[in-house]
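Taking the numbering used here, I'd label the letters of the sequence shown as residues 1 to 140.
Mixed in with the good hints there might be a few duds.
[Said to hold, decoys possible] Heads up, simulated SDA-like pairs for lysine to any residue below, C-alpha to C-alpha not over 25 Å straight-line:
id	residue 1	residue 2
1	Lys36	Ala133
2	Lys36	Val101
3	Lys74	Leu30
4	Lys36	Glu104
5	Lys120	Glu31
6	Lys36	Cys24
7	Lys120	Arg81
8	Lys120	Ala19
9	Lys120	Asp54
10	Lys36	Ser72
11	Lys120	Leu110
12	Lys36	Asp18
13	Lys120	Gln78
14	Lys120	Arg66
15	Lys36	Gly55
16	Lys74	Val101
17	Lys120	Ala58
18	Lys120	Arg85
19	Lys36	Arg66
20	Lys74	Val94
21	Lys36	Arg134
Simulated from the structure, these hints should not be mistaken for lab results.
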Amino acid sequence: MATTTAAQKRSAAKAEYDAFLAGCPSRDLLERISNKWVALIIAGLAGTGPCGGDGPTAMRYSELSRLLAGISPKMLTQTLRALERDGLVSRTVVPTVPVTVSYELTPLGLSLNDVISAVKTWAQDNMDDVFAARVDHDRG
1 MATTTAAQKR
11 SAAKAEYDAF
21 LAGCPSRDLL
31 ERISNKWVAL
41 IIAGLAGTGP
51 CGGDGPTAMR
61 YSELSRLLAG
71 ISPKMLTQTL
81 RALERDGLVS
91 RTVVPTVPVT
101 VSYELTPLGL
111 SLNDVISAVK
121 TWAQDNMDDV
131 FAARVDHDRG
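Turn these sequences into a full structure, and let the hints guide you.
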């Protein structure tokens, strides 16, 4: 009987993730990261928001709220908590009066930003073509 190393066990477990299978946990992750608010929070914390930036930055809740036009306080809170739970965002509490809380991307969150940034840019660059396709489709 051959023994397997820890690295071999991890490799075998990773090979079992197949988002096309109904029970695969990667489906939940895909659902989370495909959310518009997740994409915009990641982009904002990465410094790729409308004001540009010098790269990844820590932001306070109120800064994120101002940046993300249209997000409700409840949705922002829920999304930040989920991103923190998934290891994509870290939350830092500074004991000041009042308490200061800031959020920033973890290395895992930064790695996701490359993908999200490309999708966000694609969406912005291709909106005119999408609008034209919708008009053509709706004409029948």
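Hint check:
no.: 1; hint: Lys36 <-> Ala133; result: holds (22 Å)
no.: 2; hint: Lys36 <-> Val101; result: holds (23 Å)
no.: 3; hint: Lys74 <-> Leu30; result: holds (22 Å)
no.: 4; hint: Lys36 <-> Glu104; result: holds (18 Å)
no.: 5; hint: Lys120 <-> Glu31; result: holds (16 Å)
no.: 6; hint: Lys36 <-> Cys24; result: holds (22 Å)
no.: 7; hint: Lys120 <-> Arg81; result: holds (22 Å)
no.: 8; hint: Lys120 <-> Ala19; result: holds (22 Å)
no.: 9; hint: Lys120 <-> Asp54; result: holds (18 Å)
no.: 10; hint: Lys36 <-> Ser72; result: holds (13 Å)
no.: 11; hint: Lys120 <-> Leu110; result: holds (15 Å)
no.: 12; hint: Lys36 <-> Asp18; result: holds (23 Å)
no.: 13; hint: Lys120 <-> Gln78; result: holds (22 Å)
no.: 14; hint: Lys120 <-> Arg66; result: holds (19 Å)
no.: 15; hint: Lys36 <-> Gly55; result: holds (21 Å)
no.: 16; hint: Lys74 <-> Val101; result: holds (16 Å)
no.: 17; hint: Lys120 <-> Ala58; result: holds (21 Å)
no.: 18; hint: Lys120 <-> Arg85; result: holds (23 Å)
no.: 19; hint: Lys36 <-> Arg66; result: holds (16 Å)
no.: 20; hint: Lys74 <-> Val94; result: holds (22 Å)
no.: 21; hint: Lys36 <-> Arg134; result: holds (20 Å)
Checked against the numbered hints above, the structure breaks none of them.
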